[in-house]
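Asks: Spelled out, the chains give:
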Amino acid sequence: MSAPAADAGVADPALQRAHEAGAPAWLAEVRRTGREAFASLPMPGRGDERWRFSDVRSLSLEGFAPAPAPSQEDAARLARGSALTADAAATLIFIDGHCVSRPELPESLRRAGVVFAPVEDVVRDRPELLRGEALRPPALLGGGKLLALQRAWFGSGYVLHVPDGIEIPRPLSVVHWALKDGSAALPHALIHVGARARATVHEWRLAAQPDLRTLSVSATDLHAGPGARVERLSVQNWGSAAQSFEIDTVAAAAGAEVLSVNAAVGARRARLENVVRLEGEGADVKLLGIAVATGEQEFDQRTLQVHAAPGARSDLLFKNALLDRARTVFSGLIKVAPGAQRTDAYQTNRNLLLSPEAEADSLPGLEIEANDVKCSHGATTGQVSPDELFYLLSRGIPLPAAQELLAQGFLEEVLTRIGDAGAAEAVRGMLRAKFHS
Amino acid sequence: MPASLEIRNLCASVGDRPILKNFSLTVPKGEVHAIMGPNGTGKSTLAKVLAGHPDYAVQSGEALVDGETILGLEPDVIARAGLFLAFQYPSEIPGVTIANFIRAALVARQAKGAPFDAKAYYAELYAKMDALKMDRKFTSRFVNEGFSGGEKKRCEILQLMMLRPRYAVLDETDSGLDIDALRIVSEGVNAMRGPDTGFLVITHYQRLLDYIVPDRVHIMWDGRIVHSGGKELALELEEKGYDWVKKELAHA
Ligand SMILES: Nc1ncnc2c1ncn2[C@@H]1O[C@H](COP(=O)(O)OP(=O)(O)O)[C@@H](O)[C@H]1O
Ligand SMILES: [Mg+2]
Numbered sequence: 001m002s003a004p005a006a007d008a009g010v011a012d013p014a015l016q017r018a019h020e021a022g023a024p025a026w027l028a029e030v031r032r033t034g035r036e037a038f039a040s041l042p043m044p045g046r047g048d049e050r051w052r053f054s055d056v057r058s059l060s061l062e063g064f065a066p067a068p069a070p071s072q073e074d075a076a077r078l079a080r081g082s083a084l085t086a087d088a089a090a091t092l093i094f095i096d097g098h099c100v101s102r103p104e105l106p107e108s109l110r111r112a113g114v115v116f117a118p119v120e121d122v123v124r125d126r127p128e129l130l131r132g133e134a135l136r137p138p139a140l141l142g143g144g145k146l147l148a149l150q151r152a153w154f155g156s157g158y159v160l161h162v163p164d165g166i167e168i169p170r171p172l173s174v175v176h177w178a179l180k181d182g183s184a185a186l187p188h189a190l191i192h193v194g195a196r197a198r199a200t201v202h203e204w205r206l207a208a209q210p211d212l213r214t215l216s217v218s219a220t221d222l223h224a225g226p227g228a229r230v231e232r233l234s235v236q237n238w239g240s241a242a243q244s245f246e247i248d249t250v251a252a253a254a255g256a257e258v259l260s261v262n263a264a265v266g267a268r269r270a271r272l273e274n275v276v277r278l279e280g281e282g283a284d285v286k287l288l289g290i291a292v293a294t295g296e297q298e299f300d301q302r303t304l305q306v307h308a309a310p311g312a313r314s315d316l317l318f319k320n321a322l323l324d325r326a327r328t329v330f331s332g333l334i335k336v337a338p339g340a341q342r343t344d345a346y347q348t349n350r351n352l353l354l355s356p357e358a359e360a361d362s363l364p365g366l367e368i369e370a371n372d373v374k375c376s377h378g379a380t381t382g383q384v385s386p387d388e389l390f391y392l393l394s395r396g397i398p399l400p401a402a403q404e405l406l407a408q409g410f411l412e413e414v415l416t417r418i419g420d421a422g423a424a425e426a427v428r429g430m431l432r433a434k435f436h437s
Numbered sequence: 438m439p440a441s442l443e444i445r446n447l448c449a450s451v452g453d454r455p456i457l458k459n460f461s462l463t464v465p466k467g468e469v470h471a472i473m474g475p476n477g478t479g480k481s482t483l484a485k486v487l488a489g490h491p492d493y494a495v496q497s498g499e500a501l502v503d504g505e506t507i508l509g510l511e512p513d514v515i516a517r518a519g520l521f522l523a524f525q526y527p528s529e530i531p532g533v534t535i536a537n538f539i540r541a542a543l544v545a546r547q548a549k550g551a552p553f554d555a556k557a558y559y560a561e562l563y564a565k566m567d568a569l570k571m572d573r574k575f576t577s578r579f580v581n582e583g584f585s586g587g588e589k590k591r592c593e594i595l596q597l598m599m600l601r602p603r604y605a606v607l608d609e610t611d612s613g614l615d616i617d618a619l620r621i622v623s624e625g626v627n628a629m630r631g632p633d634t635g636f637l638v639i640t641h642y643q644r645l646l647d648y649i650v651p652d653r654v655h656i657m658w659d660g661r662i663v664h665s666g667g668k669e670l671a672l673e674l675e676e677k678g679y680d681w682v683k684k685e686l687a688h689a
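Line by line, the protein sequences give chains A and B. For what it's worth, the working numbering labels the leading residue of the first sequence as 1, then goes sequentially. For what it's worth, the working numbering labels the leading residue of the second sequence as 438, then goes sequentially.
These are computed hints drawn from the structure, not numbers from a lab. Predicted model, so just to flag it, every value in this text is computed and none were measured. Be aware that a few hints might be false.
Stated by the list, open to error - To give an idea of the interface, some chain B residues facing chain A are shown, with a C-beta separation under 10 Å as derived from the structure:
(1) H490
(2) D492
(3) V495
(4) D513
(5) A518
(6) F538
(7) D554
Stated by the list, open to error - Take a look, some chain A residues computed to stay more than 12 Å from chain B by CB distance:
(8) S40
(9) L59
(10) G165
(11) E167
(12) A195
(13) K286
(14) V373
(15) S385
(16) L389
(17) G396
(18) L415
(19) A433
C-beta: ideal position from N, C-alpha, C; glycine also.
With the rest of the complex left out, here is chain B (with noise of 0.2 Å):
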């Protein structure tokens, strides 16, 4: 069995408008790898269609977890197989508290009926929020209502810590940190590589890098990867810009 994310020939669209255009990416266990590529080419919607998002429609491709196929699945099947979503933008969950909304996506990945331990459950979360240096008030705060950017996002490396996902995708995990809050939410998936799980880490900028180094840079364009290479390419990416893809490579 691979144990590998693999995305092959992924062809997808919002309304009639394609989108991802036979886009093929494969993250082995263990890498992580990142995506660049400036805005609107279709990343989002890359990490929105792996995780199943109604609004997209998929015309052809695959997309396996470790061999299996996820595409065609419902949205909570594909997470409890071991995929995982950061999002650019995550929801504000009106009523719903941190600590409820974590428990019940932990819940879910029990077997049913079994008992749940609320004791070593809060000793994990707190532990966690202490080395995301996030304030334990936050698990009676409503999911996301209210928070800043850096917090959202925060939030969002605190439910994948607590996951524990064979794979992530973190989308724009970078954007709307300072620096403090960019290196501590780094530390935070740093200390999640491993040979157990892959990342693929979607950014815009070069700067999340110098704090996740990954084993291999993409550069995406107009619905698919262009260019692939070590973490060096993120470097010349950033010195040459956008336009240097748009000229050398994006009709190679």
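In isolation and in its complexed conformation, chain A is listed as follows (with noise of 0.2 Å):
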């Protein structure tokens, strides 16, 4: 890997040419597929409508590049705040996209086949994990130019294998830190949990610095096996002025139970894009999301909900609260394909407005081609409830703490359903402070 000069950015074709050198041969076949589809694919446009509401004109990947590796006193000072997850089983850990700390997997854990481990170690030593990159499908909600050129880059990042019946009880914790200004993180992750496997991942986005503007692209893949039990929790909480693209798959077989959180925190701009797939009967997929977007944050949302296979269920709740000019756009679809009978469907997107400035647009759909299934979609935008807030003041609560107060309380739907309390008490915390920011 030859280092980047200090001016060529993540978008330079010759510096994307040169990534691959050295490479093995399937390697450099997805690094070369991922820059030909780049340099072919236009930037996110304002006729997309894929890319509907969101301020396409402020996108650029111009000025990023991938960061060297950090100082050992930099790893180890960062590596100190990356306790998040404080029952981790195991914690990686990224900064600008290099892994500095390989988790110690338990003993038990790694004689039964689990793997996890950052991309580069799975290259040389599992590279048929990852065989299978090469035939990824595209990206289906407009993000195929910055999946492209996450492929691209393809080295960072990491993979979890778990093998079937194998149940790892506590957390996983991945931890991607952003340090240099201008830097370019585009990590993968591969997550396969196998037949009646059961694994929970945690992972934190996180700035060394609070300004930090820098560009983060990430693709996770997700399958969970036959009666597998999957729970992701994905926090981003970037540099206030970086852009963040989170393109997401989720695959579930029969009977697979799955439990997919986002929530968004930092960031100028911040897109998620989850297909999830319900391949096998009984599959039990449910997508939450939650965000308190401030200032001129962007935060955008788009999802699929594809039922491919019947008896399957599907619930989506997605929660904004928006303060200042915040924006959020919320675009979901349910489609039901026409064997999958006896589906199960759900998909709620609410927003609270908690400024005259903000404004959050909700666009869900539903594309039903099966006769007998339960499906609803329902988006909501308010203010808070004026009786609420009455309550909340007649017991002397000043006004900002009575609106923080509820808004905290409108997230706490989502909150509460995160499995693991620790981390649910430090996104909680996270998202307290933007509202003293």
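Using the hints, put the two standalone chains together into the complex.
Replies: Written out as structure tokens, the structure is:
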């Protein structure tokens, strides 16, 4: 891997091509395919329905470059602030995309064949786990160009592989730090939880300084095997000038139970794309989103729930609280395939406006091709209830504190569903801090 | 400085409909006064106007807490000035626990930046919940959400006991309570009686006044007090019914 020149950007084709040199053939192929797709695809434009209501004009990949590995002092300092999952079974730490701390997996899990390691180690030691990467389906929700960029730089991120029947009782934690201004990190996460296996992953995206301007494009593919139980919490708290893109997929086999929670806290603009496929009978996927948007932040949430098998259930709840001139966009579609009878599919987006200048757009949708289904979608956007507000005021609580308390109460419905109480408390703390910035 | 909750010639409306019509009443500190009156006569309106509810417009009159005017102040300022309203229909606050709610109300009464003594707070909260025979698990329940009518009223009295106002207006605290709950709630109020607190107890029925025995009873009709007397007035009213008020007192 050649070190990029200081002024060369992440979008530079020559720099991208240089990244292919010396890689195993299959990996060079993944990168080359990404580079070529990136070159051929247009930047998201105003005419693209999948970017409706997003401020595409301010989207820019200029001025971001992969950063060199951090110093040992920085790595040690940030490692000390990485214990957000208090009872983690193992923790992986990345700084500007570089893995600086490999987890010590408990011996029993290692012997059982569990892999929890950075992509670079898996490329070297277990390349067969990543061979499917060349076949990864394209992004469906508009992030094709960004996903191509991530593929062109393929090499950062981690793999979690849990063999059939193996249960990991405590959460695994992944902490991504942004350290250098202008750095670009493009990690990939491949989470494979085998049949009847069980795992919980927490991902924390954090900034070493509150005002960092960084770029993150991450792609996560989560596969839950038959009867697997998987919980994933992804918390985005980048610096206030950052751009963040998460392009995710979830595939749930028969009887799999998945809980996926996304929290949006930091960044100037953050977009989440999540395509969820219910591929086996009785699969059950819960999707939760939570955000406090302040200042000029834009949080953009695009989801697709695809019911490809009968008798499966998906339930989405995204709640956003908005202050100042912040904006959120939620666009969600439920698709029920012709054979997917006895589908239960729900989608709810609730937005709480705490400022007259904040704006929340909601685009819920249904496409149903089966006749025996229970589906609902709903979106509400409103202010705090005057009755609730008066009740708090009447106890002597001043208006700003009362609004904050009501907003936190509004978000609690999602927070209480995070399985790990310590992680929920950490997210609660980050969201609370946003009312005082 | 007069130590009283004093309401003078208060006229207030909702929309363009007058509800309070020249309402006057003084509750000296240390006393318990009861207001009785039929449904729709404006009792809850009075309570909410005093608490600064934005739905009501005040045309004229005054309301003073220990000589300081409260009309026109923000509701939170009125509360911190020492007036507490136990609501007839308390709101449900999803996602906000009772413990966090009362804590926020107490923090609002502290000097800015002063440390909050959480240990002492919980000790006091638990003691008062024990007195009200509330399960301690209630501290982590969301305020009034899914509560029975009686649980809501107990929660109002818990807040009253924790916030120690100078004057408390209790709006139909007895409605929705069975006899046991009524006794427990009344004991809570009675324990707070003393020279530092004045109570205005609004009720439709005389029953509550068997437990919280008032110093004075006032009969309200069509937006104002039409008759005042000692505690025996409640019994007389119970006996003769509101028709008696209508015939004998309303046009006096
Ligand atoms: N917010 C409101 N909007 C419309 N009408 C109201 C409102 N509050 C009170 N009223 C009306 O004012 C009158 C007095 O109501 P209220 O004060 O609740 O009486 P009470 O408590 O004595 O039963 C009633 O006719 C009621 O319908
Ligand atoms: Mg009433």
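Asks: Evaluate each hint against the coordinates.
Replies: Here is what the structure says about each hint:
1. Proximity of H490 (chain B) to chain A holds as hinted, the smallest CB-CB distance being about 6 Å (cut-off 10 Å).
2. The beta carbon of D492 (chain B) comes within 8 Å of a beta carbon in chain A, closer than 10 Å, and the hint placing it at the interface holds.
3. Hint status for V495 (chain B): violated, given a least beta-carbon distance of 16 Å to chain A, over 10 Å.
4. Evaluation of the D513 (chain B) hint against chain A yields a held restraint, the C-beta minimum of about 4 Å falling below 10 Å.
5. Of the supplied interface hints, the one on A518 (chain B) holds, with its beta-carbon coming within about 9 Å of a beta-carbon of chain A, less than 10 Å.
6. Taken as an interface hint, F538 (chain B) checks out: its beta carbon lies about 7 Å from the nearest beta carbon of chain A, inside 10 Å.
7. About 18 Å separates the beta-carbon of D554 (chain B) from the nearest beta-carbon of chain A, more than 10 Å, and the hint is not met.
8. S40 (chain A), annotated as away from the interface, keeps every beta carbon of chain B farther than 12 Å; the closest lies near 47 Å.
9. With a closest Cβ-Cβ approach of about 34 Å to chain B, L59 (chain A) is found to remain outside the 12 Å limit, as its non-interface label requires.
10. With a closest Cβ-Cβ approach of about 37 Å to chain B, G165 (chain A) is found to remain outside the 12 Å limit, as its non-interface label requires.
11. Non-interface status of E167 (chain A) relative to chain B is upheld: no Cβ of that chain comes within 12 Å, the nearest being about 29 Å off.
12. Non-interface call for A195 (chain A) relative to chain B: holds, since the shortest CB-CB distance, roughly 37 Å, exceeds 12 Å.
13. With a cut of 12 Å on Cβ distances, K286 (chain A) stays outside the contact zone with chain B, its closest approach being about 18 Å.
14. A cut-off of 12 Å between C-beta atoms confirms that V373 (chain A) is not in contact with chain B; the least separation is 29 Å.
15. Here S385 (chain A) does not stay apart from chain B, with its beta-carbon only about 8 Å from theirs, under the 12 Å limit.
16. Look at L389 (chain A): its CB is around 9 Å from the nearest CB on chain B, not clear of 12 Å, so calling it non-interface is violated.
17. At the 12 Å boundary, the C-beta of G396 (chain A) falls inside the reach of chain B, the nearest C-beta of that chain being 4 Å off.
18. At the 12 Å boundary, the C-beta of L415 (chain A) falls inside the reach of chain B, the nearest C-beta of that chain being 8 Å off.
19. Every CB of chain B lies more than 12 Å from the CB of A433 (chain A), the least distance being 16 Å, so the non-interface label holds.
In summary, the numbered hints that this structure violates are 3, 7, 15, 16, 17 and 18.
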